Amino acid sequence: MKATARAGWLAGVAVVASMGLAACGSAAPDASGPGDDGTELSIVAYSVAQAPNQAVQAAFAQTTEGKGVTWTESYGASGDQSRAVESGLAADYVHFSLGSDVTRLVDAGLVDPSWDQGATHGSVTSSVVVFVVRPGNPKNIHTWDDLVKDGVDVITPNPGSSGSARWNILAAWGSQIAAGASDDAAKDYTTSLFKNIVALPGSGREATSAFLAGTGDVLLSYENEAILARQEGADIDYVVPDVTLRIDNPGAVTKDADPKAKAFLDYVLTPAAQAIYAGFGYRPVVDGVTLPAVEGANDPANPFPTPAKLLTIDDFGGWGEAKSTFFDDDTGVITLIQVETGKSS
Amino acid sequence: MTAVSTRGVTPRTTLTRGAGLGLGAVVLWFSVLVLLPLAAVVAVAVNGGWQGFANTLGNPQTRAAIELTVLTSLGVAVLNVVMGTLIAWVLVRERFPGSRLLEVVIDVPFALPTIVAGLVLLALYGPSSPLEINVANTRTAVFLAFAFVTLPFVVRSVQPVLEQLDREAEQAAHSLGASAGTTFRRIVLPALIPAIAAGGALSFARGVSEYGSLVLLSGNLALRTEVTSVRMLTYVENGNLAAASVVATVLLAVALLVLVAIDVLQRWLVRRG
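Respectively, the protein sequence lines represent chains A and B. Per our numbering, the very first residue in the first sequence carries number 1; after that it's consecutive. Per our numbering, the very first residue in the second sequence carries number 1; after that it's consecutive.
A portion of the hints provided could be inaccurate.
[Said to hold, decoys possible] These stretches of chain A come out as covered by chain B in the derived footprint (C-beta under 8 angstroms, 3 or more residues): (1) 158–167; (2) 193–205; (3) 208–214; (4) 333–340.
If you're looking for bench data, these hints aren't it; they were derived computationally from the structure. Given the structure is predicted, the values throughout are model-derived calculations rather than measurements. Just so it is clear, CB atoms sit at the ideal spot from N, CA and C, and this is done for glycine as well.
With the hints as constraints, model all of the structure from the sequences given.
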């Protein structure tokens with residue numbers, strides 16, 4: 001039975017390795033030294049925000065309010081993280097990729113319903129939907145209409161399983177409405193777009209991996225993720241279309257949170273913290289931010305060009321309405337388009 | 001694997017005190033880990049009543065995903081039964097340079113995180129394939145990913161049986177004039193069938209539940225390459241736990257049917273052997 005013994009050994013290694021990874025994932029950043037009062041806060045957030053949040057936490061530790069605060073971190077897919085908090089994962093501060101992930105916690109009685117009444121309407125970081133293209137933009141992609149041309153392969157995360165991927169599809173739809181198209185015309189456009197979609201990977205990160213591995217000519221992504229990927233050395237270009245959708249990533253404190261969590265949220269909304277987020281490619285959500293040179297942006301000195309038309313989720317009636325109109329399991333417009341385009345090919 | 005191995009009917013009263021305790025521990029362990037979670041899934045699913053089942057299974061996207069997942073898993077299980085047995089045979093009976101290495105490499109699909117497997121398969125058989133084979137975002141990719149992650153099951157269940165097999169019976173058959181093919185079919189294969197069936201069943205079950213290696217490779221295209229795990233994630237993302245549980249329950253039922261069918265087939269083959 002030596003074979004079984006070896007399999008067992010390998011399984012053991014795999015288990016230990018995955019425990020090691022898990023431990024890394026949840027380790028608190030060693031940003032603040034041993035604290036005066038030793039307040040420990042837990043942050044639950046979506047994956048892409050990890051590095052920026054750690055930088056902001058380190059800066060927060062330099063302030064009087066933030067002195068001595070240590071952190072427990074949990075990062076993962078936004079929807080999964082929100083559901084984890086709903087089912088009992090301890091969180092003082094949450095940072096998700098879309099509003100409905102906070103609404104879920106409001107419904108569960110964990111976050112105060114007034115969370116989005118502040119000046120930024122609950123948003124702590126922001127970005128826009130962009131087209132990520134191959135170096136030099138060989139297919140000459142500049143507008144939404146370029147995406148539905150023959151021979152253009154599009155890749156975007158799966159709007160079914162990834163909540164944050166829904167921003168991309170709404171941006172596509174909204175680009176047509178903004179140009180004066182009727183709902184029917186927008187539907188035709190989105191149907192053509194889905195015909196050009198060659199893959200719908202599970203999450204934004206996976207879509208980027210698949211794109212970097214050679215799938216597709218255009219990746220629908222967020223500006224901050226495109227900038228981050230370029231900072232990490234990915235050989236890609238990106239285009240900010242004239243019409244695009246503003247992505248609002250909400251942050252909130254839970255009802256039972258330590259008061260320091262609110263202090264952190266307040267700090268996150270200061271121009272100083274927003275400048276740190278900007279360094280990682282996020283658009284500021286408050287005025288008066290002195291932008292650093294953003295490495296990885298098309299123009300580091302002017303990293304966030306203002307699109308001619310910037311849509312917001314309010315143009316779709318807010319997430320509550322957009323979710324049921326577009327993404328309902330059986331009747332959602334986008335769900336039906338996916339089925340229709342699946343049949344025709 | 002014991003579930004499919006053949007045992008005589010044991011009278012209930014043979015339990016000694018120690019064995020009774022052992023059985024108690026097993027039942028408790030099994031309940032906590034398997035039976036209770038399964039019962040919870042089924043409970044959530046039946047909560048919506050027949051209407052819930054009808055609605056979920058009436059969804060063309062979900063139906064297509066179930067079909068694709070079950071049929072591909074079956075296909076891969078059949079492939080594994082043939083290839084796995086062959087690999088096990090080569091490993092046990094043949095001596096060749098590199099056999100020790102192959103022996104170790106067989107287990108890699110178990111040890112490799114499936115997302116990494118997906119990335120590797122995409123690099124090799126995707127749009128930038130150095131072999132100029134591009135199957136990414138097609139049903140072939142789903143088959144390929146399933147075949148990769150389930151490869152070791154049949155090999156590892158057949159190998160030990162083959163090692164223990166008494167070769168004198170084969171030699172006797174040979175000396176009585178049976179050809180190599182006949183000897184394999186009449187002497188070796190019947191002894192291996194329970195192990196092959198067990199490996200095939202595991203392979204099928206593993207395929208049905210696969211997700212990680214597909215997220216990059218299959219493209220998750222509705223009605224074409226989307227598997228049930230992705231459908232369930234979609235339902236969960238929309239807060240529709242009942243529908244996700246319905247899909248899970250249907251898969252459980254199908255898996256149970258297939259496992260029972262394999263067991264019946266295996267017993268029949270052994271008896272006929």
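Against the structure, the hints:
no. : hint    : in the structure
1   : 158–167 : holds (count 5)
2   : 193–205 : holds (count 7)
3   : 208–214 : holds (count 4)
4   : 333–340 : holds (count 3)
Violated hints are absent here; each numbered hint is respected by the structure.
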